[in-house]
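Participant: Listed here are the chains, written in short residue letters.
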Amino acid sequence: MRTWKFGDDIDTDAIIPGRYLTLYDPNELAAHAFEGTRDEFSQEAAEGDIIVAGRNFGCGSSREHAPIAIRGAGVQTVIAVSFARIFYRNCIATGVLPVICPEADTITEDEPIALHFDEGYLTAGERILTVEPVPAFMRKIIDAGGLVEYAKNITEIELCTK
Amino acid sequence: MAATITEKIFSRRCAKEISAGDVMMAPIDAAMIHDITGPLAINKFREMNGTAVFDPAKIIMLFDHQVPADSIPAAENQKFMRDFAAEQGILNYDIHEGVCHQVAVEKGRVRPGDIVVGCDSHTCTYGAIGAFATGIGSTDMGFALKYGALHFRVPESLKLTTTGTFQNRVGAKDLILRMIGDLSVDGATYRAVEFTGDTISEMSIPARMTCCNMAIEMGGKAGIVAPDEITRTYCDGRMDDGWLDLAPDEDATYVLEREYDAADLVPQIAAPHNVDNVGDVTQFEGTPVNQVFIGSCTNGRYEDLKEAAEVLNGRKFAPDIRVIIVPASRTEYLKALRAGLIETFVEAGGIVEAPCCGPCMGGAFGLLAPGEVSLSTSNRNFRGRQGSTEAEVYLCSPATAAASAVTGEITDPREVA
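Quick mapping for you: the protein sequence lines, in order, are chains Y and E.
For the first sequence, full-length UniProt numbering assigns the number 1 to the initial residue and increments by one for each residue that follows.
For the second sequence, full-length UniProt numbering assigns the number 1 to the initial residue and increments by one for each residue that follows.
What the hints contain is simulated information worked out from the structure, not anything from laboratory work.
Any given hint could be a false lead.
As the list claims (entries may be wrong) - Not everything, but these chain E residues come out facing chain Y in the computed CB check (under 10 Å):
#1 CYS14
#2 GLN66
#3 HIS122
#4 GLY137
#5 SER138
#6 ASP140
#7 TYR147
#8 ALA149
Claimed, not checked - When the alpha-carbon atoms are kept at most 30 Å apart in a straight line, the in silico DSS-like pairs for lysine-lysine are as follows:
#9 Y/LYS162 to E/LYS16
#10 E/LYS316 to E/LYS306
#11 Y/LYS152 to E/LYS79
#12 Y/LYS162 to Y/LYS152
#13 E/LYS16 to Y/LYS140
Claimed, not checked - Some residues of chain Y that are not near chain E, with every Cβ distance over 10 Å (derived):
#14 GLY18
#15 CYS59
#16 GLU103
#17 THR108
#18 GLU109
#19 ILE113
#20 GLY120
#21 THR123
#22 PRO135
The C-beta atom is built at its ideal place from N, Cα and C for all residues, glycine as well.
When you get a sec, could you build the whole thing from the sequences and use the hints?
Facilitator: Shown next as structure tokens:
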């Protein structure tokens, strides 16, 4: 397992450049993930790798290609100080776990990370860092493995008007 | 309980009192999909065992990012969406009408008080007419297409009040850039941004669209202006005018309030590579540019083009730069054409393209080479967005873009017109 560390305000154009948005296959998108920003990512990222980032990860476009590219490269977990709103939702919808950790920017690439999401913390090397819980509704979608899996099995939804 | 515009919209839609922080499954009044994020949304709809969309009349479909299709995959994606529209009975504006956000509003497909989702981050533009509109991803859209509803967490709101009158050649774009510069690119994350004050009340709907469009650039879930007489006039004949009585209560709760004096504002520039890297145009004067782009869902409307033509005032564009003008919609294009603006731009040496997103996303044309500089009226200056990751994009108003297109370097529009 390898940790890929990024800074603040990593936008969706950096995660997957606009010229690849005609693609939808996770593997094809993964081949261009972080192209021009961190070229070795698409070559070297492997299943189980983790992305760690600063503030506002995933800002910019609503393009779901971004979390799909990350997931296609093998990354199931993104730990950041904060996430842009649409990207955060897209992660949950596509089966990437977005973990909000206010001290994520202190984590280094050579510290082993162990995530204890349900217990509300992670360890980075010897250090214990707090992670924020997700709302109950979001948790249901995560536990189903994404919004498609969640939505497949429901025939009726409970609207707020009821 | 005192409520923000956003809380009022959700409360009315849900027929019960709703407050910021509430999470619910709310019905949606319209859903917009375009050529980039649409095919994936349709795939997700199918993967969710969707067979018939919830209401074809409430789905807005068009192509704007890669038009006419600029590659075989783009052509395939558009064909896929055309087939879906035909199968489901959805009106597809195809490549004929222009940029999604402009078309959705000008065709009367969204109304004040509506809850609208779109597969594009700048869907927040529709807040200009008092809709709660927000950008979502394709899987969320697949769900919305199937059920006509989506889960929302009702956001807290920011209140940004602007009073006074702008200086000549200063306007909505300069104001929103200044606000993003102050609040930062994540200053409004997960919040609705209410724009208010007499400056906003006097703004046209297109100018309000410019402000609401860029709420996402401070992280906002929505940007919104309370509907008023200007909204009513705009809606007239275009749509039934929905719920106009959405003015926020005076004692509504805001997580942040800021006040701006329009008279103090000078033309603004967002320098590479973040939208909050904002300063007065005077700090950047003399920066040489290779390409000027006037258009996009932020600033491609008739009044933007008119402002640019007025600043141009019969002069030619600098000979060694490319000036690309792209009207936001067919309607706006025709207005500009009939007013002589298109002739003005072409005579000045500009290239006028048919309505679409243009170089904004770096999709179809107008890409930058390494080392080149673009000055753009669009909404994002992220590294690599308009071509090479070694190129630079500066953002500005149509007036500043036109002034700079004449001189070939970043220029204060107050000095040339």
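Participant: Hint by hint, say whether it matches the structure.
Facilitator: Hints and how they fare:
1. CYS14: holds, 4 Å
2. GLN66: holds, 7 Å
3. HIS122: holds, 9 Å
4. GLY137: Since chain Y brings a Cβ to about 4 Å from E/GLY137, closer than 10 Å, the hint holds.
5. SER138: holds, 4 Å
6. ASP140: Cβ of E/ASP140 sits 6 Å from chain Y, so the hint holds.
7. TYR147: holds, 5 Å
8. ALA149: With Cβ-Cβ at 6 Å, under 10 Å, it holds.
9. Y/LYS162 to E/LYS16: Roughly 10 Å between the alpha carbons, so the hint for Y/LYS162 and E/LYS16 holds.
10. E/LYS316 to E/LYS306: At roughly 16 Å apart (the allowed maximum being 30 Å), E/LYS306 and E/LYS316 satisfy the hint.
11. Y/LYS152 to E/LYS79: holds, 26 Å
12. Y/LYS162 to Y/LYS152: The given pair, whose Cα atoms are some 22 Å apart, holds under the 30 Å limit.
13. E/LYS16 to Y/LYS140: holds, 25 Å
14. GLY18: Given that some Cβ of chain E is not farther than 10 Å from that of Y/GLY18, nearest at about 4 Å, it is violated.
15. CYS59: violated, 6 Å
16. GLU103: holds, 17 Å
17. THR108: holds, 23 Å
18. GLU109: holds, 22 Å
19. ILE113: holds, 24 Å
20. GLY120: It holds; Y/GLY120 is separated from chain E by about 20 Å at its closest Cβ, greater than 10 Å.
21. THR123: holds, 27 Å
22. PRO135: Incorrect as stated: the minimum Cβ-Cβ distance to chain E is 6 Å, not above 10 Å.
Hint check: violations occur at hints 14, 15, 22; the rest are consistent with the structure.
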